[in-house]
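Sequence lines, in order, name chains A and B.
Residue 366 in my numbering sits at position 365 of the first sequence, and the numbers go up by one each step.
Residue 33 in my numbering sits at position 32 of the second sequence, and the numbers go up by one each step.
Calculated directly from the structure, the hints in this document are not laboratory data.
These figures come from a predicted structure and were not determined experimentally.
Misleading hints may appear alongside valid ones.
Claimed, not checked - Result set (SDA-like, lysine to any residue): computed pairs, CA atoms no more than 25 Å apart in a straight line:
| hint | chain 1 | residue 1 | chain 2 | residue 2 |
| --- | --- | --- | --- | --- |
| 1 | A | Lys186 | A | Ile302 |
| 2 | A | Lys131 | B | Phe102 |
| 3 | A | Lys131 | B | Leu148 |
| 4 | A | Lys74 | A | Glu31 |
| 5 | A | Lys168 | A | Ser154 |
| 6 | A | Lys74 | B | Gly29 |
| 7 | A | Lys291 | A | Arg276 |
| 8 | A | Lys74 | B | Arg267 |
| 9 | A | Lys74 | B | Gln268 |
| 10 | A | Lys131 | B | Leu74 |
| 11 | A | Lys186 | A | Leu47 |
| 12 | A | Lys131 | B | Arg103 |
| 13 | A | Lys131 | B | Ile99 |
| 14 | A | Lys131 | B | Ile269 |
| 15 | A | Lys74 | B | Pro198 |
| 16 | A | Lys186 | A | Gln210 |
| 17 | A | Lys182 | A | Glu26 |
| 18 | A | Lys269 | B | Val167 |
| 19 | A | Lys74 | B | Pro184 |
| 20 | A | Lys131 | B | Pro198 |
| 21 | A | Lys182 | A | Ala133 |
| 22 | A | Lys182 | B | Pro184 |
| 23 | A | Lys74 | B | Val167 |
| 24 | A | Lys74 | B | Arg101 |
| 25 | A | Lys74 | B | Ile99 |
| 26 | A | Lys74 | B | Ala98 |
| 27 | A | Lys186 | A | Arg280 |
| 28 | A | Lys291 | A | Ala268 |
| 29 | A | Lys168 | A | Asp152 |
| 30 | A | Lys224 | A | Pro360 |
| 31 | A | Lys74 | B | Arg103 |
| 32 | A | Lys291 | A | Ile302 |
| 33 | A | Lys131 | B | Tyr185 |
| 34 | A | Lys131 | B | Ala98 |
| 35 | A | Lys74 | B | Asn183 |
| 36 | A | Lys131 | B | Gln168 |
| 37 | A | Lys74 | B | Ile269 |
| 38 | A | Lys74 | A | Thr106 |
| 39 | A | Lys74 | B | Ala265 |
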Amino acid sequence: MPHISIRGLQKRFGGVAVINDLDLEMADREFTVLVGPSGCGKSTTLRMIAGLEDTSGGEIWIGGREVSGLDPKDRDIAMVFQDYALYPHMNVARNMSFSLRLAGTPPREIEERVKRVADMLSIGHLLERKPAALSGGQRQRVAMGRALVRDASVFLFDEPLSNLDAKLRNQMRAELAVMRKRVEKNMIYVTHDQIEAMTLADRIVVMHQGRIQQQGSPEDLYKRPANKFVAGFIGSPPMNFLSGELNGSDDRLAIAGDGFHVPVPEAKRAAMENRTTRRIDMGIRPSALKPVGESQSDPAIGSITLTVLVSEYIGAQSVLVCECGGQRVTAEVASDTPFAASAPMRFAVDPAGVHLFDPETEAAL
Amino acid sequence: MPAGSPHQRPASVGWYGLVFALALMALGPIIVMITTSLKTRNQIFGDTASFFFMPTLSNYAAVLEDPANVRFLSNSLTVALVSTVLTLTLGCMAAYAIVRFRFMGRDSASFGTLLMRMVPPAVLCVPVFTIWTYQYGLTNTLSGVILVYTAINLPFVIWILQSFIVQVPRPLEEAARIDGANPYQVFLFVVLPLIAPGLAAAAIFTFRIAWNEFILALVLTNRFTRTMPVKVSLFINEHNIEWGQIMAIGTLIAIPPLVFTFLASRQIITGLTAGAVKG
């Protein structure tokens, strides 16, 4: 039975619709990540689930109960805020136990639960400190501790790692992944960082302009993006898009454009046959581009000629920022690959990394 | 000129002279009040104004031995404390509502409170006296005075507290709501502790106005309910001016506001919200 169910959810601020008819089902003990660019409505959706924002329409069901009219305190949820929102006048122990004290839990049990969670997050030695005396990472842990002590049935995370520096963020991300295995609860996590989404989620929900673009496992979204937006959003470095035209027919069917000629992958050929227009958008993952010598030319494998503009050295890999007929293309290559700046360079295209989109609807073909 | 640079400051004789003159202007009346309160009648009216005299506590004794004065002192304390508590209680709730809730007329309510502050208390005398007397029978009672003081001080308190409440980060209140607090608990356990410095500042302000107010108290009280400032004025009558006792009472009634200010100002610690959100 799905634990959280959102049906026809709507939100308008003034006359502006931010969320349009959102439907979402989340199974019990599932880690769902809402991801999307700023202003896509993901935080608003989370805040409506939490009860911090009124809904303009639709229903929110948690565990078989319609909660959209209830106060946050009656929804059995815990939440971690982007800015931590620790009570500055209480020490760590009192911050964590605030909800339990409000609920009238016996002091002995409060102490036990706070201690257990504090040990799990290794903040046991900080219990007497005020938030002002904590580092960013420690505050983050306390904020999580405050949620975990609750033993609520749903945990909500609103971009909890976005205020940490890069190193700490990676570390906390890993800890979160470990923690979620121990705490088997329904978790909804909002982020704009697709790497967080990919690494943590059982299921990713990509949102854009108040609508769900696609939902599925991280692998699903990476391998079978439903449209151009999802394709461009998931994956790092982001997917390249090139406009081209279909030419040839049958097994010679290919997408051609300025400087490239890529045969249509076999699986997609049927869909191409009955298209009325020949214009098409092609997406290529940067990792699907393999540098090849000028002489190796096999018409069965697609090829593309790019002018390298600059190379971004990352370590084992380098990202080559190139140009192709006025369009930017990035290629992810081993960093020992020789290249010459401003010189044309040929790449073979791995058909598995090629995605085709309708230029009008932007839907995947 | 860079601020706080010691080299730029004119450390000349003239500078110290100016500082001394300013200090004398501020402290002079207080010094005169205290020394006069320690003098006998003859010393006060002696031909030579002297800094050297044998101090006496006879004025204080005379003032404190009069049971009426003790009663007026307790009237003053009651009026000042009760109206302070009342003003703060109402003020913090009103300020919270104006800052956090959306309702029609919110901005005009906010600005209107400040406008009310611009009415001088003397203007209120006649209407308040009439209404208190003929409609509510509140003249000559302490509650009547307390109500007026609360009404006078409320606008300013609301105004100060608004600026403190605005600074309480909203996510804190949201976190408390998620943690299971109802709106009153959010206000009591999260907002109030965080605006403690503002409450202290407002309390000092309110207490001192209520403690020192003269005109309304003169009009609204009788010989049982009058407050200290009114009592002091009564030492001046057609037969006599008791300067020694006036100054003794003046010294005595300067003490409670000092103590109150000292206690309350310990709450004024800035940066109390540090560490609440990121940073």
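Structure-based check of all given hints:
1. A:Lys186 to A:Ile302: violated (47 Å)
2. A:Lys131 to B:Phe102: violated (30 Å)
3. A:Lys131 to B:Leu148: violated (40 Å)
4. A:Lys74 to A:Glu31: Measuring from Cα to Cα gives roughly 22 Å; hence the hint holds.
5. A:Lys168 to A:Ser154: Roughly 31 Å separates the two Cα atoms, so the pair is violated.
6. A:Lys74 to B:Gly29: violated (60 Å)
7. A:Lys291 to A:Arg276: Given that 25 Å is the threshold and the Cα spacing comes to 30 Å, the pair is violated.
8. A:Lys74 to B:Arg267: Answer violated: A:Lys74 to B:Arg267 is near 35 Å, above 25 Å.
9. A:Lys74 to B:Gln268: Outside the cut-off at roughly 32 Å; violated.
10. A:Lys131 to B:Leu74: violated (42 Å)
11. A:Lys186 to A:Leu47: holds (16 Å)
12. A:Lys131 to B:Arg103: Between A:Lys131 and B:Arg103 the Cα gap is close to 33 Å, so the pair fails against 25 Å, i.e. violated.
13. A:Lys131 to B:Ile99: With Cα atoms ~30 Å apart, A:Lys131 and B:Ile99 exceed 25 Å; violated.
14. A:Lys131 to B:Ile269: Holds: A:Lys131 and B:Ile269 sit about 18 Å apart, inside 25 Å.
15. A:Lys74 to B:Pro198: This hinted pair is violated, its Cα atoms lying about 29 Å apart.
16. A:Lys186 to A:Gln210: violated (29 Å)
17. A:Lys182 to A:Glu26: holds (21 Å)
18. A:Lys269 to B:Val167: violated (58 Å)
19. A:Lys74 to B:Pro184: holds (11 Å)
20. A:Lys131 to B:Pro198: Holds. A:Lys131 to B:Pro198 sits at ~18 Å (cutoff 25 Å).
21. A:Lys182 to A:Ala133: Answer violated: A:Lys182 to A:Ala133 is near 31 Å, above 25 Å.
22. A:Lys182 to B:Pro184: violated (35 Å)
23. A:Lys74 to B:Val167: holds (24 Å)
24. A:Lys74 to B:Arg101: Within the cut-off at roughly 19 Å; holds.
25. A:Lys74 to B:Ile99: Holds, because 24 Å separates the two Cα atoms, which is no more than 25 Å.
26. A:Lys74 to B:Ala98: Distance ~21 Å between A:Lys74 and B:Ala98 Cα, so the pair holds.
27. A:Lys186 to A:Arg280: Roughly 47 Å between the alpha carbons, so the hint for A:Lys186 and A:Arg280 is violated.
28. A:Lys291 to A:Ala268: holds (21 Å)
29. A:Lys168 to A:Asp152: violated (29 Å)
30. A:Lys224 to A:Pro360: holds (20 Å)
31. A:Lys74 to B:Arg103: Given that 25 Å is the threshold and the Cα spacing comes to 22 Å, the pair holds.
32. A:Lys291 to A:Ile302: holds (11 Å)
33. A:Lys131 to B:Tyr185: holds (24 Å)
34. A:Lys131 to B:Ala98: violated (29 Å)
35. A:Lys74 to B:Asn183: With a Cα-Cα distance of about 8 Å, the restraint between A:Lys74 and B:Asn183 holds, given a limit of 25 Å.
36. A:Lys131 to B:Gln168: Holds: A:Lys131 and B:Gln168 sit about 19 Å apart, inside 25 Å.
37. A:Lys74 to B:Ile269: violated (33 Å)
38. A:Lys74 to A:Thr106: holds (15 Å)
39. A:Lys74 to B:Ala265: violated (35 Å)
Consistency note: the structure conflicts with the earlier hints numbered 1, 2, 3, 5, 6, 7, 8, 9, 10, 12, 13, 15, 16, 18, 21, 22, 27, 29, 34, 37, 39.
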